[in-house]
Amino acid sequence: MLIDWTTVIFQLINFLILIVLLKRFLYGPIIRAMDERERTIAARLAEASRAEQEAQEHARVLAAEQKEFADRRAVLHDEAQQELDRWKDQSLDRLKEEVAAKQQSWQQTLDEEQETFRKKLKVVIGQQVFSVSRKVLADLADNRLERRLLEVFLEKISREAEGFSGDQGSVTIRSGFPLVDEEKKRLDEGLDKIFPGHGALDFQEDPALGFGLRLLTGDRQWEWNLSRYLDDMEEDIIQTLRRSP
Amino acid sequence: MHLSPDSIIIFQVGLVKVNGTLVFTWLVMLLLSFGSWLVTRRLSTGAEVSRWQSLLESVVTLILGQIKDVTRQDPRRFLPFLGTLFIFVGTCNLLSVIPGFLPPTGSLSTTTALALSVLVAVPIYGIADTGFGVYLQNYVRPTPLMLPFNITGEISRTLALAVRLFGNVMSGSMIGGILLAIAPLFFPVIMQLLGLLTGIVQAYIFAILAAVYIAAGLKIHESQVSPENNATPETQ
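Those protein sequences? They're chains P and R, same order as listed. By this note's numbering, the letter at position 126 of the first sequence is numbered 126, and the numbering carries on one by one without gaps. By this note's numbering, the letter at position 124 of the second sequence is numbered 1124, and the numbering carries on one by one without gaps.
Treat the hints as calculated values from the structure; they're not laboratory data. Bear in mind that the values here come from a model prediction, so they are computed numbers and not experimental data. Be a bit skeptical, because a hint or two may be false.
To be verified - Lysine-lysine pairs mimicking DSSO-like chemistry, simulated, CA-CA at most 30 Å apart: (1) 23(P) with 1017(R); (2) 1017(R) with 156(P); (3) 156(P) with 184(P); (4) 135(P) with 184(P); (5) 185(P) with 156(P); (6) 119(P) with 102(P).
Here chain P stands alone, though its shape is the one from the complex:
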């Protein structure tokens, strides 16, 4: 008989005992360890997932902040650019105005200086002309001219002293150039006709008179002086030049 039923019963019991033993020492601990590990891994995965979500949330927040910063920077940049443009335009306008004012002032000053210079030039030209004229006349003055001057002077006195009897006092004649005797004699003769019985003639030389003569008698005097003519003419011409544009 291949089957020993006593052994079969013992083997059944042995098998049941082995089930209990393995459940106690193998399946239970192993299953618990695997479950615990699964829970640990699941917890770690959940933690990792949560950390990832937090990281994503942080990334979103960061991206939003970066976008906000970028927008803010763009706005600030635009505002700064507008402010700069405005300042530049204002500065340019102000500078243009200042330059225009300075240019106008400078132009005005220049015009005034030109005008002043022109006027001074005119005066100097006039003065030079008459200076040259005086010099020419002085250089050209000779006996004939001086004699002619005596004649003209005598005619002037004769014309102006009409009705003037004279005080019979001394007569002083001042000349801007030295008178020769002949000339003195001619004056004496001429004055005799105008102021008969006049006193002695007193001839004095006064270079300040230039090409001219001055007669003093009593409280009157007559004078003919080229410088006086020239001075009057010069004054007239200068006034005319100044009035001209």
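Chain R: place on chain P using the hints.
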């Protein structure tokens, strides 16, 4: 030469004969229990896992996966029974390569005991799952005329389970012994190596068939609950 370790009487206490089958079974039980205790007394739940713990976890995970594939249900409630079947049969067959060790699965008494335990476990799981009345009604479905055939099927498949394992293990041992007598130098080694393979395969077949039988009892109930499920119980 012993055809079965049953014939080796170690000692006798009264009418009870303690034979080689029982002794080798106790040795295997001691080895498995002590080894499990050694490994599982310091289990790690972190990332650092010892090699032995990793091996046991792999074995348990493999068994759970196979049970789930067969039963399509939560495999944990079947793990102690089916897992112990596989581990015990597999360990006995693997240890057969040790000279002097006679695998208890080479005893028809042991395989009969294991087959009987399957025979009992199938209705236990079925009744626990569906209830006593519903389970018993499965034997008279689709017609009461099927009752004798169903009972015969239960007995025959249990017998086939027992004899299949016994025959394979016993034949392996016998072939090894015969070849040792004929050509003692080379062929026994090859046969022992083949015995390792066939031993694991037999353990796998035994456990899978037990799972199939248990799942069949459960699927009858499922097919009644959901008529669209046309799955039929496997018998062999």
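Verification of the supplied hints:
1. For the proposed pair residue 23(P) and residue 1017(R), the alpha carbon gap of about 29 Å is at most 30 Å, so the pair holds.
2. Taken as a hint, the residue 1017(R) and residue 156(P) pair is broken in the structure, with Cα atoms around 199 Å apart against an allowance of 30 Å.
3. Straight-line distance between C-alpha atoms of residue 156(P) and residue 184(P) comes to about 17 Å, which keeps the hinted pair within the 30 Å bound.
4. As the CA atoms of residue 135(P) and residue 184(P) are separated by approximately 25 Å, the hinted pair is consistent with the 30 Å bound.
5. With a C-alpha separation of about 18 Å, the suggested pairing of residue 185(P) with residue 156(P) holds against the 30 Å cut-off.
6. Distance restraint check for residue 119(P) and residue 102(P): the Cα-Cα separation of roughly 25 Å lies within the 30 Å cut-off, and the hinted pair is therefore satisfied.
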